[in-house]
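**Q** Residue-level listing of the chains:
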Amino acid sequence: MKPKPVLAAALLALASCGGPGPADSETVTAARNLPAAVRYDQYGSAGNLAPPAEDLVNPFNGEPSATQQGEVLFGAMNCDGCHGGGGLGFVGPSLVDGRWRYGGEDGALFHSIFYGRSHGMPAYGGLLSDATVWQLVTYIRSQPVPGVVPTVAWP
Amino acid sequence: MTTTIGLRAVIGTLMLTTALASAVHAQDDGQWTRPGKDLGATRYSGLDEITAANVGRLRPTWTFSTGVLGGHEGQPLVVDDTLYAVTPYPNVLYAFDLSKEDYPLRYKYRPDVNPASVGVACCDAVNRGAVYAEGKIVYNLLDGRTVAVDAESGRELWKTKVADLTKGETITMAPLVVGDRVLVGASGGEYGIHGWIKGLDLVTGEVVWTARNMGPDSVVLATPGTFKPYYDTGTDLALNSWSGDSWQRGGAPVWGWLSYDPELDLVYYGTGNPGPYNAEQRSGDNKWSSSLLARRPSDGELVWAYQFTPNDNWDYDSNAENILAELTIDGRSRSVLVHFDKNGFAYTLDRATGELLVAEPFVHVNWAERVDLATGRPVVDPTKLTGKSRGMVRNICPNLEGGKSPASPASYSPKTGLFYVPTNNLCMDWQSGDAAYIQGTPYVSANIPYTAGPGGHLGAFIAWDATTGQRVWEIKEKFPVWSGSVVTAGDVTFYGTLDGWFKAADARTGESLWKFKVGSGVVGAPITYRGPDGKQYVAVYAGIGGDWFLIAGDVRSDDPADVRPPADFAPDLARYTSRGGMLWIFAL
Numbered sequence: 000m001k002p003k004p005v006l007a008a009a010l011l012a013l014a015s016c017g018g019p020g021p022a023d024s025e026t027v028t029a030a031r032n033l034p035a036a037v038r039y040d041q042y043g044s045a046g047n048l049a050p051p052a053e054d055l056v057n058p059f060n061g062e063p064s065a066t067q068q069g070e071v072l073f074g075a076m077n078c079d080g081c082h083g084g085g086g087l088g089f090v091g092p093s094l095v096d097g098r099w100r101y102g103g104e105d106g107a108l109f110h111s112i113f114y115g116r117s118h119g120m121p122a123y124g125g126l127l128s129d130a131t132v133w134q135l136v137t138y139i140r141s142q143p144v145p146g147v148v149p150t151v152a153w154p
Numbered sequence: 000m001t002t003t004i005g006l007r008a009v010i011g012t013l014m015l016t017t018a019l020a021s022a023v024h025a026q027d028d029g030q031w032t033r034p035g036k037d038l039g040a041t042r043y044s045g046l047d048e049i050t051a052a053n054v055g056r057l058r059p060t061w062t063f064s065t066g067v068l069g070g071h072e073g074q075p076l077v078v079d080d081t082l083y084a085v086t087p088y089p090n091v092l093y094a095f096d097l098s099k100e101d102y103p104l105r106y107k108y109r110p111d112v113n114p115a116s117v118g119v120a121c122c123d124a125v126n127r128g129a130v131y132a133e134g135k136i137v138y139n140l141l142d143g144r145t146v147a148v149d150a151e152s153g154r155e156l157w158k159t160k161v162a163d164l165t166k167g168e169t170i171t172m173a174p175l176v177v178g179d180r181v182l183v184g185a186s187g188g189e190y191g192i193h194g195w196i197k198g199l200d201l202v203t204g205e206v207v208w209t210a211r212n213m214g215p216d217s218v219v220l221a222t223p224g225t226f227k228p229y230y231d232t233g234t235d236l237a238l239n240s241w242s243g244d245s246w247q248r249g250g251a252p253v254w255g256w257l258s259y260d261p262e263l264d265l266v267y268y269g270t271g272n273p274g275p276y277n278a279e280q281r282s283g284d285n286k287w288s289s290s291l292l293a294r295r296p297s298d299g300e301l302v303w304a305y306q307f308t309p310n311d312n313w314d315y316d317s318n319a320e321n322i323l324a325e326l327t328i329d330g331r332s333r334s335v336l337v338h339f340d341k342n343g344f345a346y347t348l349d350r351a352t353g354e355l356l357v358a359e360p361f362v363h364v365n366w367a368e369r370v371d372l373a374t375g376r377p378v379v380d381p382t383k384l385t386g387k388s389r390g391m392v393r394n395i396c397p398n399l400e401g402g403k404s405p406a407s408p409a410s411y412s413p414k415t416g417l418f419y420v421p422t423n424n425l426c427m428d429w430q431s432g433d434a435a436y437i438q439g440t441p442y443v444s445a446n447i448p449y450t451a452g453p454g455g456h457l458g459a460f461i462a463w464d465a466t467t468g469q470r471v472w473e474i475k476e477k478f479p480v481w482s483g484s485v486v487t488a489g490d491v492t493f494y495g496t497l498d499g500w501f502k503a504a505d506a507r508t509g510e511s512l513w514k515f516k517v518g519s520g521v522v523g524a525p526i527t528y529r530g531p532d533g534k535q536y537v538a539v540y541a542g543i544g545g546d547w548f549l550i551a552g553d554v555r556s557d558d559p560a561d562v563r564p565p566a567d568f569a570p571d572l573a574r575y576t577s578r579g580g581m582l583w584i585f586a587l
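Sequences listed follow chains A and B, in order.
Under numbering that gives the first Met the number 0, think of the first position of the first sequence as 0, with each following residue one higher.
Under numbering that gives the first Met the number 0, think of the first position of the second sequence as 0, with each following residue one higher.
Excised from the complex, chain A in its bound form (with noise of 0.2 Å):
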């Protein structure tokens, strides 16, 4: 794991801002009683009937300032500690290699991030805010990812 950068207590201690939904998907939501949630393209769906969509936008859009603000998040929050150091994957599954369990778009991540998944990737939303969430979604983005090698061999 790499060292983690310190990070200044003010940018820890940002306030959340709730969760990220518009109001016609709050309303879909409301009324099955589902939390918010994303449409992922990638997923099954037995119903026929997506999950309720809302088009989460990541407002830094790979901007370079953003990227290196959440790579100093990704060592300050602890990412690392879990995803080893450049995500490439440790206690908990690589950022980097391409395939995701929850979806690899903006939305999906900031959903991963955010509000947690059942696996034991706990919940930052409340401790971090939209915007800083969405500093990392962009870092994590910005990966660059390796072609997979679908043979190892030995000499």
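Keep in mind the hints are simulated off the structure, nothing from the lab.
Heads up, some of the hints might be wrong.
With a Cα cut of at most 20 Å, we get these calculated SDA-like pairs of lysine to any residue [stated by the list, open to error]:
(1) 166/B - 115/A
(2) 514/B - 215/B
(3) 166/B - 91/A
(4) 166/B - 154/A
(5) 166/B - 118/A
(6) 166/B - 125/A
(7) 477/B - 154/A
(8) 166/B - 117/A
(9) 383/B - 450/B
(10) 166/B - 122/A
(11) 160/B - 207/B
(12) 166/B - 126/A
(13) 514/B - 533/B
One side of the interface only, derived from the structure: several residues of chain A facing chain B at Cβ under 8 Å [claimed, not checked]:
(14) 71
(15) 77
(16) 87
(17) 89
(18) 118
(19) 120
(20) 124
(21) 125
(22) 130
(23) 153
Glycine is no exception: its CB is placed at the ideal position from the N, C-alpha and C atoms.
Keeping the supplied structure of chain A fixed, place chain B upon it in accordance with the hints.
**A** Just chain B now, kept in the frame of chain A:
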């Protein structure tokens, strides 16, 4: 195999200990009801059908796939004619009927374990086994609960939440039952927990007492007059040896093995590393992390404590087993406990007082010159100290996997007078950073590349004389030896290797006698028992995992896109093994 001491020395010890052996281990009942076989955690069996002369004919008689990929640490139990096996997460309990052909299941107990625990366990979702007492099988679930199951029917009797997952606490250790107390502790030394051990009521499952490993005397359960550490005086030792309030998230988990002396009425356990890894964030000795504690099981009262590694700079957990033995040291018969620490020293202590009698390196050690028997403290090489301000510190031996992993328990034969110890030959570089405490997330911050130790082999299985602190024989292995061991009255000792061999050696000479490829690397501890048919059997789990799940590179076929580079100290481990749990049984 290298013989480092003449056989004469061994035989000398032998003569002295044989009489004691027969007194302590009268007739072996052929069962295996506790994690370490007996209360002294010797992992010695009095069965002698399998001997050095005939073990070459050992063959597998039965196998079972547990259906679980996690690291299969720990050992099965055998009680009467039933064999009990606990899997890594999701912690299924299987009960096999040994009295029938094919050993059909009597039942399987499938607890509902919170899957979030998988992401909070530092080093794979392992479980180190169950304990049997008074008709109950008692074990721990990864998500922080202790459960008692009726051994006969598989019915759940009680389930108690003892650990708090949201604080980074999980449970991987095997409990011990002493009288009507169930003793359990939590993992989480990498998550900033406030380490503890608890005593539960065996009948109801209620928590009777909780003792912290650090903090004020009131929570450590240290009472002046009762608590008498051999090398320390004063009050609030476990509070004043931490800077500021660092003790509140200082780790000191309890994830290893427990032992108990009925005459002294003391239970012994080791504590894990202090956190975070950056020692400059917790200056002081950090008592009682990386320590050995002796408590009364009824009320948890602390009687003595000894710290192996003060202000641990190297993640040298002391969760290893404490094996109770009667040894003759300097011509005097002593009731001792023997502990092979991660820090590379083997310690022989008087188990009534905590007085250090022998402390010698059992692997290559360079972080300390020696341990001073007068003060009980290691003489540390200051160039090996770590901490953020020291940058990258090179070549520290042993590395944080330990000279011996606490997950890999040694065994002791009162017949040979020797300890049989799985060891690692690894070193490391260490760079600390500032760690920020965020509840329920890793509290570590360090970069620690591993290197091979001197000689190039990464591990060895050794025999140790704890009266003098000397290695008697050694079998070098290509990879770190991460299995436990067992030794028998037939003078055979068994262990397994990470590349998937299960092996037998002559307990007296260290001659390799037999091996069998069990499919996946062995990180479990073998047992031996007498079956309902009167024959002697040997059982072991295969299923690589634990730390090797994290650092070995691609041994995870369930993650075909693993992009981590293979560990550069062992680039080809994945050539020999992959994950997957199996239970194996062998007989002549």
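**Q** So, for every hint listed, does it hold in this structure?
**A** Results for each hint:
For the hint pairing residue 166/B with residue 115/A, the CA-to-CA distance comes to about 16 Å; that is within 20 Å, so the pair holds. The hinted pair formed by residue 514/B and residue 215/B fails the criterion: a straight-line CA distance of about 51 Å is larger than 20 Å. Taking the CA atoms of residue 166/B and residue 91/A, the gap is near 17 Å; set against the 20 Å cutoff, the hint holds. Taking the CA atoms of residue 166/B and residue 154/A, the gap is near 46 Å; set against the 20 Å cutoff, the hint is violated.
Taking the CA atoms of residue 166/B and residue 118/A, the gap is near 15 Å; set against the 20 Å cutoff, the hint holds. For the given pair, residue 166/B sits about 17 Å from residue 125/A by alpha-carbon distance, which is consistent with the 20 Å threshold. Distance restraint check for residue 477/B and residue 154/A: the Cα-Cα separation of roughly 18 Å lies within the 20 Å cut-off, and the hinted pair is therefore satisfied. Restraint check: the Cα-Cα separation between residue 166/B and residue 117/A comes to about 16 Å, which is no more than 20 Å; the hinted pair holds.
For the hint linking residue 383/B to residue 450/B, the alpha-carbon distance of about 15 Å falls within 20 Å, and the restraint holds. For a cut-off of 20 Å, the pair hint linking residue 166/B to residue 122/A stands: about 14 Å separates their Cα positions. Between residue 160/B and residue 207/B, the direct Cα distance comes to roughly 13 Å. Compliance with the 20 Å bound is thereby established for this hinted pair. Restraint check: the Cα-Cα separation between residue 166/B and residue 126/A comes to about 15 Å, which is no more than 20 Å; the hinted pair holds.
A distance of roughly 24 Å separates the Cα atoms of residue 514/B and residue 533/B; the hinted pair therefore is violated under the 20 Å criterion. Using the Cβ-Cβ criterion of 8 Å, the hint placing residue 71/A at the interface with chain B is not satisfied: the shortest such distance is roughly 12 Å. Taken as an interface hint, residue 77/A checks out: its beta carbon lies about 4 Å from the nearest beta carbon of chain B, inside 8 Å. The criterion of a C-beta within 8 Å of any C-beta in chain B is met by residue 87/A, whose closest approach is roughly 5 Å, and the hint holds.
A distance limit of 8 Å between C-beta atoms decides the matter here; for residue 89/A the minimum to chain B is near 6 Å, and the interface restraint holds. For residue 118/A, the interface hint holds, since its Cβ comes within 8 Å of a Cβ in chain B; the closest pair sits about 5 Å apart. The interface hint given for residue 120/A is met, as the beta carbon of that residue sits about 6 Å from the closest beta carbon of chain B, less than 8 Å. Given hint, residue 124/A at the interface with chain B, is violated; its Cβ is 13 Å from that chain's nearest Cβ, farther than 8 Å.
Violation of the interface hint for residue 125/A is found here, the shortest Cβ-Cβ separation to chain B being roughly 12 Å, above the 8 Å cut-off. Hint on residue 130/A is violated. Least Cβ distance to chain B is approximately 18 Å, over the 8 Å limit. At its closest, the beta carbon of residue 153/A sits 5 Å from a beta carbon of chain B; the interface hint therefore holds under the 8 Å criterion.
In terms of the numbered hints stated before, the structure departs from hints 2, 4, 13, 14, 20, 21, 22, listed from lowest to highest.
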